[in-house]
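J.: Order-wise, the sequence lines are chains A and B.
By my numbering, the letter at position 28 of the first sequence is numbered 28, and the numbering carries on one by one without gaps.
By my numbering, the letter at position 256 of the second sequence is numbered 256, and the numbering carries on one by one without gaps.
Hints were generated in silico from the structure; no laboratory data involved.
Backbone N, C-alpha and C fix where the C-beta goes; we use that ideal spot for every residue, glycine too.
Check each hint, because a few of them may be wrong.
Quick look at which bits of chain B chain A covers, simulated, 3 or more residues with Cβ under 8 Å [unchecked claim]:
no. : stretch
1   : 23 to 37
2   : 102 to 111
3   : 375 to 382
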Amino acid sequence: MSKPARIRLLVNGVPITVAPGTTVACAILIAGIPARRSVTGEPRGPLCGMGICFECRATIDDAPHQRTCQLLCAEGMEVGTS
Amino acid sequence: MTERFDILIVGAGPAGIAAAVTAAAAGKRVGLVDDNPAAGGQIWRSVDAQPVAARTWLAKLAASPIVRFQGWRIVDSPSLGVLRAEGNRGCRDLVYNQMVLATGARERFLPFPGWTLPNVMGAGGLDAMVRGGLPIAGKRVVVAGTGPLLLAVAAHLARRGAKIVAICEQAPLRRFVPFLRSLLGEPAKVMQGIEYALSTFGAKISTGCWPVAAGGGEVLETVTLRQGKWQREERCDYLACGFHLVPNLELPALMKCRIHDGFVEVDHLQETSISGVFCAGEPTGIGGVEMALLEGEIAGLAASGKVNEANKLARRRSRRLGFVRALTAVTELDPRLKELAEDATLVCRCEDVSCGRMREHASWREAKLHTRCGMGPCQGRVCGAASEFLFGWDSGSILSSVRPPLYPVQVSSLDHPDKLTYQGDSIEQISMLTSKEIE
Chain A
1 MSKPARIRLL VNGVPITVAP GTTVACAILI AGIPARRSVT GEPRGPLCGM GICFECRATI
61 DDAPHQRTCQ LLCAEGMEVG TS
Chain B
1 MTERFDILIV GAGPAGIAAA VTAAAAGKRV GLVDDNPAAG GQIWRSVDAQ PVAARTWLAK
61 LAASPIVRFQ GWRIVDSPSL GVLRAEGNRG CRDLVYNQMV LATGARERFL PFPGWTLPNV
121 MGAGGLDAMV RGGLPIAGKR VVVAGTGPLL LAVAAHLARR GAKIVAICEQ APLRRFVPFL
181 RSLLGEPAKV MQGIEYALST FGAKISTGCW PVAAGGGEVL ETVTLRQGKW QREERCDYLA
241 CGFHLVPNLE LPALMKCRIH DGFVEVDHLQ ETSISGVFCA GEPTGIGGVE MALLEGEIAG
301 LAASGKVNEA NKLARRRSRR LGFVRALTAV TELDPRLKEL AEDATLVCRC EDVSCGRMRE
361 HASWREAKLH TRCGMGPCQG RVCGAASEFL FGWDSGSILS SVRPPLYPVQ VSSLDHPDKL
421 TYQGDSIEQI SMLTSKEIE
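Please model the complete structure; the sequences and the hints are all you need to start from.
T.: Here's what the structure looks like:
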């Protein structure tokens, strides 16, 4: 089975199309929104890119607090940022 | 669910891959656990423009009978001989006779005003994002911090079409003379350096230079750079900023391996203070990919009982230690970097604890108890190394606060039966997956 040329997913309900092998953190960056808000409300995005800093965490298919830099986008995935 | 291995390896970067391939070639039943979507670690991330060594080792890995847990992270070491791993679908215990810690390193981040803005990332951090699919062509990037990673990242991003606005190395120029001399025995690194220089041609490299502030509203817009008494502002889309590397010591510390001067203590065969527990790569000293491969091979051989062969490689390793020392010396942080964080600048990004609040306390422990710094999801992996530098807190005391679980886990993993029910099954009864990842 060959991989689809593009993968479609939803980031906060907005459709985003990415190449196969794209991480969810990149999809959030491409969407141009912060991955999360800090405890005092600051916008935050990825820092380390390697699953250490937890700044890119978001909800993926109803599972909260996923480190999006370590997960690949999948067709139909629903990503929610806080 | 439990699985048993002769040799279990944690981390599938160069050191872990070399250890796994070597041990599997010696006929051992090998398990390899790694928390990323693919093997290769941070340096061999993605298939884009892989060096020959990466392709060679990744091909060997694919051809070896190794049980791979890709996308799994070690969350606990319930007792010597057992590691608990969590994947997306739950938790399992991995039982081993011997193990190799190849947990790699992360970047050291230093706080300055604006460093928490989106699009301020680590140098390796931005590189990882680009390898993970972030379009960078035409984007303005400032690369800053310290260490050879800056040039590697700038070269890679430039090849991808980024506009490298500036490369800022905090070390003063005079430090590079002894460093370059240490490279004489490292022809591969000299070639790499020449390649980086050609790729980033046109970008100005400033030494003794660092970012003092990042500006923007919801996202990064400008970076203010200081070099001596000169200060200038650059408009940019990304700031890639990392101050060299610090080893990932949480698992070695949890297992109570002896740690000296910020690194795991090993003997000439890479064995730690715990018999049967080996360590290879950056946790034993930041030495780069060639050193990591060598140490991985030594650990894989030694753990497989091939001591003579391991000894031969160990002699080669000792000849490379000069480069490790030179790298440490050249990346030593300028004390003026401590003044970048203002009272209001956040140091702990998980709990939003400011430098001013943390500075009031005498130790990491006291600061944690009073401010919650280091108690968020990252468990001090970012602010711990920064605090060590900013406040002079002892790295040993920061590591002594490591507790299981090593990462936030699913509630179902906490409910995992805390006992070893694995009895009776022989190794043959476990399905052997060759070059196939366990989901």
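J.: Next step is simple, just say for each hint if it's right about the structure.
T.: Checked hints:
{"no.": "1", "hint": "23 to 37", "in the structure": "holds (count 3)"}
{"no.": "2", "hint": "102 to 111", "in the structure": "holds (count 3)"}
{"no.": "3", "hint": "375 to 382", "in the structure": "holds (count 5)"}
Checked against the numbered hints above, the structure breaks none of them.
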